[in-house]
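Participant: Sequence:
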Amino acid sequence: MKKHKFFLSVVFCILSAVLLWGCGGGTGSPGSTGTEDTGIIVAATVTPIYLGKNTGSVDAFQSVCDEGPPRDYEDFTDHNATLTVTARLINPNTTFPAGDLYIEKYTVEFKRSGDSIGAPPIESDTRYKTIVIPAPTGTNVSTVEDTVVLVDLIRKDRYEEDVTSGRFTYASAYLNNYTAVFKFEGENAYGKYFSFKAQTDFQIGSFDNCD
Numbered sequence: 373m374k375k376h377k378f379f380l381s382v383v384f385c386i387l388s389a390v391l392l393w394g395c396g397g398g399t400g401s402p403g404s405t406g407t408e409d410t411g412i413i414v415a416a417t418v419t420p421i422y423l424g425k426n427t428g429s430v431d432a433f434q435s436v437c438d439e440g441p442p443r444d445y446e447d448f449t450d451h452n453a454t455l456t457v458t459a460r461l462i463n464p465n466t467t468f469p470a471g472d473l474y475i476e477k478y479t480v481e482f483k484r485s486g487d488s489i490g491a492p493p494i495e496s497d498t499r500y501k502t503i504v505i506p507a508p509t510g511t512n513v514s515t516v517e518d519t520v521v522l523v524d525l526i527r528k529d530r531y532e533e534d535v536t537s538g539r540f541t542y543a544s545a546y547l548n549n550y551t552a553v554f555k556f557e558g559e560n561a562y563g564k565y566f567s568f569k570a571q572t573d574f575q576i577g578s579f580d581n582c583d
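Each number in this note's numbering corresponds to the 1-based position in the sequence shown with 372 added.
The set of hints was computed from the structure by calculation and includes no laboratory data. Model, not experiment: these values are computed from the prediction. It cannot be assumed that every hint is accurate.
Quick list of simulated restraints, FRET-style, between CB atoms [as the list claims (entries may be wrong)]: (1) Tyr445 <-> Phe468: 51 to 59 Å; (2) Ser496 <-> Pro464: 48 to 56 Å; (3) Asp487 <-> Asp583: 26 to 34 Å; (4) Phe448 <-> Arg499: 13 to 21 Å; (5) Asn463 <-> Arg484: 36 to 44 Å.
Derived DMTMM-like pairs (lysine to aspartate or glutamate); straight-line CA-CA distance at most 20 Å [claimed, not checked]: (6) Lys501 <-> Asp518; (7) Lys425 <-> Asp447; (8) Lys477 <-> Glu495; (9) Lys425 <-> Asp450; (10) Lys425 <-> Glu533; (11) Lys501 <-> Glu476; (12) Lys425 <-> Glu517; (13) Lys477 <-> Asp518; (14) Lys483 <-> Asp518; (15) Lys483 <-> Asp534; (16) Lys501 <-> Asp487; (17) Lys425 <-> Glu559; (18) Lys425 <-> Glu495; (19) Lys564 <-> Glu495; (20) Lys501 <-> Asp450; (21) Lys477 <-> Asp529; (22) Lys477 <-> Asp524; (23) Lys483 <-> Asp472; (24) Lys483 <-> Asp573.
Glycine included, every Cβ here is placed at the ideal spot set by N, Cα and C.
Let the sequences and hints guide you as you build the complete structure.
Facilitator: So this is what it looks like as structure tokens:
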């Protein structure tokens, strides 16, 4: 890392924590890289959402709501999350305009919780999506919300296959607990790379979402 940078990443993480902005947002989520070079401190959270409701219960089994005929199934789709990003200037008195931040992609890593060590591994997921974070000015804070994918249908189906194979452990209703760690990467308007992280806990198994 070059000497002219404002702060080392480690110092930035400590500074962010002291200012209660977090290092990527979310309890225990590790820090950011390069956001200090953009002149902006970024914090983020991800909140699981499914079928219009905030819920960390990921349904991996599509239930039959009515045998019919015709047979009626519950709605079954990707389990998403709401990304909330806040950004503020490191130096509110700077005369140099900070450029907008452009998230270009994000990767989700899945970690099994301590009570679900025997659960199936879930493959990481990388997606390309542009999310613009307007540059804050003065002491103002920029806030942006967008939707990102937490667990898609492919990983839901794979979890169902794995957990019913007999090779992995689970609680009743095929339940296991995981932590999803999101890493967002991009560049600012001047081409400076940055990244930040946010994480959320969730449970996955069989849930009845019939009306």
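Participant: Now, for every hint given, state plainly whether the structure supports it.
Facilitator: Each hint tested on the structure:
1. Between Tyr445 and Phe468 the beta carbon distance is about 56 Å. The supplied range of 51 to 59 Å therefore holds.
2. For the hinted restraint 48 to 56 Å between Ser496 and Pro464, the CB-CB distance of approximately 37 Å leaves it violated.
3. At roughly 31 Å, the beta carbons of Asp487 and Asp583 sit within the given window of 26 to 34 Å.
4. One distance hint, 13 to 21 Å for the beta-carbon pair Phe448 and Arg499, holds here, with the actual separation near 20 Å.
5. The given range of 36 to 44 Å is respected by Asn463 and Arg484, whose C-beta atoms sit roughly 41 Å from each other.
6. Between Lys501 and Asp518 the alpha-carbon distance is near 10 Å, which keeps this suggested pair within the 20 Å criterion.
7. Straight-line distance between C-alpha atoms of Lys425 and Asp447 comes to about 13 Å, which keeps the hinted pair within the 20 Å bound.
8. Between Lys477 and Glu495 the alpha-carbon distance is near 17 Å, which keeps this suggested pair within the 20 Å criterion.
9. As the CA atoms of Lys425 and Asp450 are separated by approximately 13 Å, the hinted pair is consistent with the 20 Å bound.
10. A threshold of 20 Å between alpha carbons decides the hint, and for Lys425 with Glu533 the separation of about 26 Å lies outside it, so the pair is violated.
11. Between Lys501 and Glu476, the direct Cα distance comes to roughly 5 Å. Compliance with the 20 Å bound is thereby established for this hinted pair.
12. Between Lys425 and Glu517 the alpha-carbon distance is near 16 Å, which keeps this suggested pair within the 20 Å criterion.
13. Our distance criterion of 20 Å between C-alpha atoms is met by Lys477 and Asp518, whose separation comes to about 13 Å.
14. Between the alpha carbons of Lys483 and Asp518 the distance comes to roughly 23 Å, so the proposed pair goes past 20 Å and is violated.
15. For the suggested pair Lys483 and Asp534, the alpha carbons sit about 16 Å apart, so the restraint of at most 20 Å is met.
16. Distance restraint check for Lys501 and Asp487: the Cα-Cα separation of roughly 33 Å exceeds the 20 Å cut-off, and the hinted pair is therefore not satisfied.
17. Proposed proximity of Lys425 and Glu559 is contradicted: the alpha carbons are some 32 Å apart, above 20 Å.
18. Pair hint Lys425 plus Glu495 does not hold up; C-alpha atoms about 25 Å apart against a cutoff of 20 Å.
19. Of the supplied pair hints, the one linking Lys564 and Glu495 is violated, its CA atoms being roughly 29 Å apart against a limit of 20 Å.
20. A hinted pair counts as satisfied when its Cα atoms are at most 20 Å apart, and Lys501 with Asp450 qualifies at roughly 16 Å.
21. The hinted pair formed by Lys477 and Asp529 fails the criterion: a straight-line CA distance of about 24 Å is larger than 20 Å.
22. As the CA atoms of Lys477 and Asp524 are separated by approximately 16 Å, the hinted pair is consistent with the 20 Å bound.
23. Note on Lys483 and Asp472: the hinted pairing is violated, with a Cα-Cα distance of about 32 Å set against a maximum of 20 Å.
24. Taking the CA atoms of Lys483 and Asp573, the gap is near 9 Å; set against the 20 Å cutoff, the hint holds.
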